[in-house]
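Student: As a plain string of letters, each chain reads:
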Amino acid sequence: MEKRESLWEAYLRRGFSRRSFLKGCVALTSLMGFSTDMFSKVVEAAETKPLPVVIWIHGHECTGCDESFIRSGAPLASDVVLSSIALEYDHLLSAACGAPFEAHLDETIAKYNGQYILAVEGAVATKDSGVYCMSGGHTFTHLLEKAAKGAAAIIAYGSCAAYGGIQAAKPNPTGSAGIERFVGGKPVVKVPGCPPIPEVMTGVVMHVALFGSLPPCDSDGRPKQFFGNRIHDTCYRRPFFDAGMFAETFDDAGAKAGWCLYKLGCRGPETYNSCGNLRWWQGMSYPIQSGAPCIGCSNSNFWDEDPFTTRLPQYGKLGDVDKIGAALGVLTAAGVAGHAVASIVQRNQRENLIDEDHHE
Amino acid sequence: MQHVVVDPITRIEGHLRVEVTVDETNGTVTDAISSGTAWRGLELVLRDRDPRDAWAYIQRICGVCTTAHALASVRSIEDALGIAIPLNANYIRNIMAATLTVQDHLIHFYHLHALDWVSPVEALSADPAKTAELQVAVLNAYRVDLKVPEEVNTEAYPHDFPAATPQYFAGIKARVQAIVASGQLGIFSAHWWDHPDYKLLPPEVHLMAVAHYLEMLDKQREIITPHVVFGGKNPHPHYVVGGMPCSISLTDGNAPINTARLAIVDRAINMARDLVNNYYLPDLVAIGAIYAKAGRVDGGGLARTRVLAFGDYPLTGYKGTSSGGYFDNLLVRSNGVVENFAMGVDKAVFTPVTADDLKAPDIISEGVQHAWYEYPDNAPKDLHPWKGVTKDKYTGPKTGTPTMWETLNEAGKYSWLKTPKWKGKLCEVGPLAHYIVIYTKAAKGLLPDPTWAEQMMLKQIEVVSKVLGVSAEVWMPTMLGRTACRCLDAQLAAEINKFFFDKLIANIKTGDTTVMNNEKWTPDTWATECMGVGLYEAPRGGLSHWVCIKDGKISNYQCIVPTTWNACPRDDQAGHGAYEQAMMTTHVAIPDKPLEIAKVIRSFDPCMACATHMYNAKGEEINIFSTDHFGR
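Taken in order, these protein sequences are the chains called U and A. Read in our numbering, the first sequence has 28 at position 28, and its numbers run on one by one without any break. Read in our numbering, the second sequence has 1156 at position 156, and its numbers run on one by one without any break.
It should be emphasised that the hints constitute simulated quantities derived from the structure, not laboratory data. Only a predicted model underlies this, so the values are computations on that prediction, with no experimental measurement involved. Worth double-checking, as some hints may not be accurate.
Said to hold, decoys possible - Here are the simulated lysine-lysine pairs, DSBU-like style, with alpha carbons at most 30 angstroms apart:
1) U/Lys170 to A/Lys1393
2) A/Lys1550 to U/Lys263
3) U/Lys127 to A/Lys1398
4) A/Lys1387 to A/Lys1425
5) A/Lys1423 to A/Lys1347
6) U/Lys170 to A/Lys1550
7) U/Lys111 to A/Lys1593
8) U/Lys170 to A/Lys1391
9) U/Lys263 to A/Lys1520
10) U/Lys127 to A/Lys1391
11) A/Lys1381 to U/Lys127
12) U/Lys146 to A/Lys1393
13) U/Lys263 to A/Lys1553
14) A/Lys1199 to A/Lys1293
15) A/Lys1319 to U/Lys263
16) U/Lys127 to A/Lys1387
17) A/Lys1520 to U/Lys170
18) A/Lys1553 to U/Lys127
19) A/Lys1593 to U/Lys146
20) U/Lys127 to A/Lys1393
21) U/Lys146 to A/Lys1398
22) U/Lys170 to A/Lys1553
23) A/Lys1387 to U/Lys170
The shape of chain A in the complex, shown without the other chains (with noise of 0.2 angstroms):
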C-alpha cells in the first residue's frame, strides 16, 4: 500500500488537498481523502447586512463561476420577500446566466482539464499536413448539428472555424518546439508528461488541441461579453433585487441598453455557438471515442448510485421559489435525483425535488462529523440549511502540525467542508447530473411534451452514445461521462443563450421595456421576519442560497454549492462524497505520479472557494483591521 498526497490540486479554483491509499500491486485507491484546505467565513460576512446587497458579497465566493451566486443571491432574496422579476429581467439574467456556462465550461475544458488528456511534448512529434488532416475528419465525423428552432438567424456564415492548413498547425508546432528548447516551460513547466496515458492519443491530436487550447485562451474573453453589457464588467457583473439594473430604452440617447448594445449581445452568443460547435464538442468526441475504445471507462463513483438536480431557466418571471413558482416554470425539468443509474435505466429510481422538499426540515440538511466545524450537543446530527449552526473546530492533521501537514486524519475532522445530504444520503451534483436525470425520467415516462431543449438533451446523449457504441448506462456515470456531459451542455447553454435572446427582442417588440419591479424596494414593505431559496442549475451543478430576514435585515445566510455536495468529507452513515468515490473507482498506474487521479477530480471542475465559506455561529467581533488610507 502506498500513501500518496497530492496538494495543491492545480488547474482548479481554490485550495484542494487530496490524499490516496494505493494498491501498487494492482492499482486500486483503497481509501481516499478529499479536503478543502481553505475557509473564508463570508456567510457570517452578510450577516446584519442589507439583503438587497447579498448579491454583492455572495457573488464573490467565486470568481470562475462568477454570476452563479449573484444569481442564486436575487433569487432566494426575491423569494422570500415575495418579488416578481419582469420578463425582460428573466430573460436577460438568463442569458447572463447560460452564457456563464458555455464560457465556463470551455475555459475548463481547454485550459484546466485538457492538459491531464493532452501534451505539448507528445505534440512535437506530430506531423503537421496529417494534423490538418485530422482536424477535417474530426469536423466531418464529429460535428453535432442540433440547434435550437430559431426566430432568426443573424449570422452569415461561421465565423469561428478551426483552421485546417498544415501552415496553420506548423506554426504552432514551430512555437511549441521554441518553447521547449528554451528549457523555460513556464505553465508547462514540472509536469509528468512522461505518463503513459499520454501515449493513448496520437500526436496529431495532441497537436490539434494545443492549437485549440491557444485560440480558445483568446477567444473566452469575446463570449463572456454579455456580463459586460447587462452587468458592466466581468467577473462578478452588477445584479439588482427586483430585476435587473440595465435598463432599456430605444428612445433615449443614453440608455444602458439600445439596438447597439443588444447587436453586441447578439454577436457573442453565435461567437459561443461556433466555439461549441466547430472546436470544442468535436474535440471532445475525437479524444473520448479513442478512450472509450480504450475501455477507460472508470471513475464513476457516486454518479453510478446517485445523483441530484434542480432544474433550471425559469421560461417567465415568476414569483416564489419555496411556494413552487421556480419549478412549475421551467425550460429544463431536471429537478430531482436519481439513484442507482448505472444497474441501468429501468431498475433507476427516480424521486422528484419539489417546493416542499425545500422547507421539509429532513429532505436537504448538512452534517459536520468529519469536517473542521461542530453543532451544539443538543442539536440533530444533520441541520437544515435555514437552521444551520456551524462553529469552527480546527483539529489539525493526524502526522505533522497544525500549521504543517504530513497526513490529514481519515477517523477524525479533515475537511472545511460541510456534508450536504439529501434525505440523508450523499449525493453527485453537476452537469452529469442534469442529463442522468433528464434520460431516466424521459425512459421512465415523467417527462410530458419535453420542451425543445429536453428533447435536444435527449438527442445528444443518444448520437454521443453511437459514437461511442456504448449504452448511456455504461458511458455516462465515469470521468469521461462527467467531461462529455459538461461539453453537451455548454452546446445546449449556446442554444438557450439563443432562444432566450429571441424571446428578449420579441418582447421589447411588444413595447415593453421594463426591467425591474420596484414594488418591494424598500424595507417597509418587507415581512418583519422571512425566508427564502435560491436556486440555480449552475455550471457545477444545483446550487442554493437559504436566506432568514428579520427586521430589513439578513439573520441567516447558508450556501450549499455543487463543490460541497461533490467534494464534501465522508459520513460515517452515508458513506463517502462524490470526490472520494470517484478518486475510489479510479485506476492509478503509477502511484508515484497519480495523473488520474487529478484527472478524475478535475472532471468535477472543482471550484473550492464555493464550497469552503460556511459559517453563521454566534462570531465574536475579532481583530477588525483598518486599511483605510484616508481613515488612519
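Chain U extracted, bound-state conformation (with noise of 0.2 angstroms):
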C-alpha cells in the first residue's frame, strides 16, 4: 500500500506555508467545538494523518446534501475538496462519468480497501429488490454493499441517509429506509438534517481525517459535538418561551418582536442540532430567527409529525401547548418549572436509552 499524504504534507505541496496551515489547524479546532488546549492535538493529526479517500455515494435524495456541503465558511468547499481530502467519486463534482467513472469506483474500492472513508447521501429503496433506485445499472442497494465492506468509516449524510428521510415518509411507496441495516454491521455516523449544516458535514469529515478516528457518538451515531443539545437549549429566544411571551400566529405583534414561536409548532424542544449555537452560514441565522418554526429535520421521523405548524399532544414532548401557554401566562414561575421537569424526564429517558444500548 502506498503512503498517502497528510494534511500538512499536501499543504507543502500546494505551496502553503506553515502558517496558513497553522491558520487552518486554528479554524479546525475552533469548528470541531474544541477548546484551544486541544490545539496542538489538532496540529499534530493534521500534520502526522495521512490524506483520506472519499468516496461518495448517491441513493434516494435531493443532492441537498451535497449543496450543504459546498455551502462551507469554514473550511470552505474548495479547500476540503482539494487539499483535504481525495474526493475520488461523488456524483456532483466529479469530472468523469459513465463506464469510466465507474471503474475507477472499484479501482480505488481496491487500491484503498480498508482505508477509504464511504460517504452516503440518501436513503435506500428497499422494496422490489431495489429496483427503485438504480445507477450505473445497478441498484443503489449493490453500490452501498460494495462500498461499505472495505471502507474504514461510514458517514450518513442528511435525514435520509440516517433514517430514510422523506421517500420513507407514510406511505414510503418505494420501502426507503436509512443506510444502517445495508453496510454489514459497521458502526455508521449519523449527520441528520434536512440538510445539515455546512460545517457540520465539514466538520465531520474532517474529524475523521484529521484524528484518523469517528468522533465521539451518542448511542444512535451522531457526533455528540453538534448533536448534544436540543435547539431549544441553545435557541435566542429561549428567555421568550421561559417568560411565557409567544408569537400567536404568524406575522402578529409577537413575531414581529421575534417571540418564541413554540405555539406555532416549532420542533426546537424536541429536535437535538447545532442551528441555536453554530447557526447557519457562520451564525447568520436559522429558520427560527427568520420567524420560521423549527420543523425539527433532523429528528428521525420528522415528516410523520405533522402538520407542522400545530403542535400535536403526541409529539410535544413538553406537553399540551394550550395548558403550557396558559400556565406561562398565567404563572411564568410554573412553566418554567413543568418545563424543567419535562427536560428531566426527556433527558432521563435519552440515558436510559443510552445505557440500554450502548455498543461502543
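Fit the two chains together into the complex; they arrive one by one in their own frames, and the hints show the way.
Tutor: Take a look at the structure:
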C-alpha cells in the first residue's frame, strides 16, 4: 500500500506556508467545538495522519446535502475537496461519468481497501429488490454494500441516509430506509438534518480525516459535538419561552418582536441539532431567527410528525401547548418549572436508552 | 453502428442514464434513450397531509433548485384557497427566486458544466502572463453592461472583480500542477481529458476558467444569503402559505427582518451582479465565440421546433393563477409556446399559454407510453394533472436483469419519467425557451410596452448575436445557445433581484411591514373541495404544481417539472423529447468517449430528482420502517 500524504504534506505540495497550515488548524479546532488546549493535538493530527480518500455515493436523495457541503464557510469547500481529502467519487463534482467513472470507483475501492471514508447521501430503496433506485445499471443497494465492505468509516449524511427521510414518510412508496442495515454491521456516523448545517458536514469529515477516528457519538451514532443539545437549549429566543411570550399567529406583534414560536408548532424543544449555537452561514441565521418554526428536520421520524404548524399532544414532548401557554401566561414560574420537569424526564428517557444499547 | 451507454451521467442532480446508437463512420447519432433511473414517490407522500405543509415536503424534491418547488407549491395552495399574498411577501419571494436563479446558473456553469469545455490538464501548458493578458482582453471585449433602472446604487465600487496578474495565474497553475503530479486527481479522476474538444480552446482560456471554477466555488455560498436571511437556511429555506414567515419590524429589538438584515441581502445582491457581469458572462462569451467560430452550433434538437415557458415575477401581490391573476401581472411575459423557431422568426408560430389553457382538460397533460407506469384500461392516453392517475409498472431492461441492466428497451418502457405534453406535442423548456419566446413575441409585435426586463432580454440577444456573428435563429437553438441563454438569464435575474429589493425598501418606507395574510389560515375558511395551480419559471424552465384539496387535506398533488418536459421518454405519436432529440442532433467524434453527449445533456442542467417522483395511485400502506430511536 503506498503511503498517503498528510494534511501538512498536502499544504507543502500546494505551496502553502506553515503559517497558513496552522491557521487552518485553528479554524478546525474551533469548528469542531474543541477548546484551544486541543490545538496542539489538531496540529499533530494534521501533520501525521494520511490524506484520506473519500467515496461519496447517492441513493434516494435530492442532492441538498451535497449543496450544503459546498456552502461550508470554514473550511471552504474548495479547500476540503482539493487540499484536505481526495474526493475520488462523487456524482455532483466529479468530472468523469459513465463506464470509466464506474471503473475508477472499483479501482479506488480495491486500492484503498479498508482505508477510505464512505460518505452516503440518500436513503436505500428496499422494495422490489431495490429497482426504484438504479445507478450505473445496478441497484443502489448493490453499490452501497460493495462500497461499505472496504470502508474504514461510514458517514450517513442527511436525514435520508440516517433514517430514510422524505421518501420513507407514509406511505413510503419505495420501501425506503436509512443505510444502517445495509453496511454489514459497521458503525455509521449519522449526520441528520434536511440538510445538515454546512459546517457540521465538513466538520465531521475533517474529524475523521484529522484524528483518524470517528467523532465521539451518542447512542444513535450522532456526533455529540454537533447533536448534543436540543435547539431549544441554545435558542436565542429561549428567554421568551421561559417568560411565556409567544407569537400566536404568523406576523402578529409577537412574531415581529421575535418572541418564541412554540405555539406555531416549533419543534426546537425536541430537536437535537446545532442550529441554535453554530447557526447557518456561520452565525447568520436559522429558521427560528428568520421567524419560521423549526420542523425538526434532524429527527428520525419528523416527516410523519405533521402538521408542522400545530403542536399535537403526542409530538409535543413538553405537553399540550394550550396548557403550557396558559400556565405560562398566568404564572411564568410554573411554566418554567413544568418545562424543567419535562426536560428532566426527557433527559432521563434518553440516558436510559443510551445505557440500554451502548454499543461502542 | 455502435451502442454506447453513459450511466451514471454525473455533475447533475440525481440519477440519469443515456444510451445512444452512433454511426461511427460519420459520428451521427441515429437513436437515443434518456432514462430517469430512480423514483421516490413524493406526491403519494403528500396525500392526506395538511396543504399548509406541502411546501416543506415537496421542496425536498430537489436540493439543487431548492426553493423552486416550495415557491410553486405555496403558489398552488394559495390559488386553490383564494389567498392574495401581501406586497412585501411577493417582493421577498421574488428576491429568493431570482437569487436562486443566479446562484443555480452560476454553479451549473462553473461546477457542473465547465469541465465539458475546459480542462485542468490543458491549463498546465498555459502561460500565466498571457493568461493575465487574456483576462484583460476578455473583460474589455465581453463585459455587457446592462442594468435595471435602479433607485439607489449601494455599491461603492465592484468588490468582486477578476484578478488579471501573472502571479495570480502562476499560483493557480502551480496548484493544478501539484495535484496532477501527485497522481491523486480526486474530482478530476478518470475523465476523457484527451478528447479533441479540449484542444478547441487555447491553454490560457483553460487556466482562466479553472481559476474561476475555484473562485466561484468559494463565492457561490455568499450570494445565496438572501435565503438564509428570509428563510432561515439554505438549502431548503422556510416558507408559509399566505406570505412569508420573516416578519419585518423597524421598531422591535429582535425582529427577523430589520435594517441590518436587509443590508445583508443588499450586499449579496450586489455581489451576485458583480460575479455575473465580471466573471460568468465574459467567460461564457469568450468560450462561446470560439465554439461558434469553429461552427459548433449543433445539439439544438427540439428547441428548433417547439419551446414552452410560463413567464414569471408577479409585479404586485396577485390573486389566482388559474383565474388569470398571475399572467396579468408579470415582469417577463414569456408565457407561451414558439414553434419552428429555427426556420426563422418570420415563419415561427407563437401561441400564448393562458389561465384557461391550464384548466382545459386537453392542453397540458401527461402520458406514460414509455414510462414505468400504467393508466387504467378505460383512461384516455394522456391525463390532465388534476386528474392524473399513476401506478408504477416496472418492466426491467431489454437485456440484463431487473436489477442489473445491459440495455434498456426503447420499444417498451424505459424511464421513471412520464411524458408531458402541450396540445399532445412535446416541448423543450428552460432559459433558452424563455428567451426564444420573448424574442419571437417582440419580433411579431406581440410584446406591447415591453417592461425593462423584457427590453434587457432583447438587448442581450442583440449583443450576443453581434459577438458570435450569427443570427439569433442560428445560435439560440443549439447546445451553445442553451448554455448562453442560461447565462443571460443569470444576468437578468441579478438585476431582477435589485429591482424587487428596491421595491421592498420603498414599500417598507411607506410604513407597510406586513408579510402575511392570515385571513384563510384556518381550514374552516376553506372550500370543502378546491383545486389550484402554481407556476414558476424556475432555473431549468417552466415548473407547474397542481393540487386538489378535499375536506382540508391534499387529495391529489402533481408536479410537472422542467426536467420531465426535457428528459421525458418518447411518445409513439409525438416523437422524441428534448434530451433525446438534442443527442440525435449532436455530432460524436469518438463513440468510446462520448464527451459531446454528456455535454449536450448537461447543457440542459438536468435535475433528475425533480423529474422522477410522480405517483398518485391508490397506493397501499407498505412497510413503514420505525427508525425513531425513542419510539422502540
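Student: Each of the hints needs a verdict: does it hold here or not?
Tutor: Checked hints:
Taken as a hint, the U/Lys170 and A/Lys1393 pair is honoured in the structure, with Cα atoms around 20 angstroms apart against an allowance of 30 angstroms. Between A/Lys1550 and U/Lys263 the CA atoms are separated by roughly 26 angstroms; this keeps the pair inside 30 angstroms, and the hint holds. The suggested pairing of U/Lys127 with A/Lys1398 holds, with an alpha-carbon distance near 21 angstroms, which does not exceed 30 angstroms. With a C-alpha separation of about 19 angstroms, the suggested pair A/Lys1387 and A/Lys1425 falls inside the 30 angstroms cut-off, and the hint holds.
Between A/Lys1423 and A/Lys1347, the direct Cα distance comes to roughly 20 angstroms. Compliance with the 30 angstroms bound is thereby established for this hinted pair. The hinted pair formed by U/Lys170 and A/Lys1550 meets the criterion: a straight-line CA distance of about 19 angstroms does not exceed 30 angstroms. Proximity of U/Lys111 to A/Lys1593 is assessed by CA-CA distance (about 25 angstroms); at most 30 angstroms being required, the pair is judged to hold. Pair hint U/Lys170 plus A/Lys1391 holds up; C-alpha atoms about 17 angstroms apart against a cutoff of 30 angstroms.
Simply put, U/Lys263 and A/Lys1520 have alpha-carbon atoms about 18 angstroms apart, close enough for the 30 angstroms limit, and the pair holds. Only pairs whose Cα atoms come within 30 angstroms are accepted, and U/Lys127 paired with A/Lys1391 is accepted, the gap being roughly 15 angstroms. Between A/Lys1381 and U/Lys127 the CA atoms are separated by roughly 28 angstroms; this keeps the pair inside 30 angstroms, and the hint holds. Between U/Lys146 and A/Lys1393 the CA atoms are separated by roughly 28 angstroms; this keeps the pair inside 30 angstroms, and the hint holds.
Between the alpha carbons of U/Lys263 and A/Lys1553 the distance comes to roughly 21 angstroms, so the proposed pair stays at or under 30 angstroms and holds. Note on A/Lys1199 and A/Lys1293: the hinted pairing holds, with a Cα-Cα distance of about 14 angstroms set against a maximum of 30 angstroms. Distance check on the hinted pair: A/Lys1319 and U/Lys263 sit about 29 angstroms apart at the alpha-carbon level, within 30 angstroms; holds. Between the alpha carbons of U/Lys127 and A/Lys1387 the distance comes to roughly 27 angstroms, so the proposed pair stays at or under 30 angstroms and holds.
For a cut-off of 30 angstroms, the pair hint linking A/Lys1520 to U/Lys170 stands: about 27 angstroms separates their Cα positions. As the CA atoms of A/Lys1553 and U/Lys127 are separated by approximately 27 angstroms, the hinted pair is consistent with the 30 angstroms bound. Restraint check: the Cα-Cα separation between A/Lys1593 and U/Lys146 comes to about 26 angstroms, which is no more than 30 angstroms; the hinted pair holds. For a cut-off of 30 angstroms, the pair hint linking U/Lys127 to A/Lys1393 stands: about 13 angstroms separates their Cα positions.
Only pairs whose Cα atoms come within 30 angstroms are accepted, and U/Lys146 paired with A/Lys1398 is accepted, the gap being roughly 25 angstroms. Between U/Lys170 and A/Lys1553 the CA atoms are separated by roughly 15 angstroms; this keeps the pair inside 30 angstroms, and the hint holds. Only pairs whose Cα atoms come within 30 angstroms are accepted, and A/Lys1387 paired with U/Lys170 is accepted, the gap being roughly 22 angstroms.
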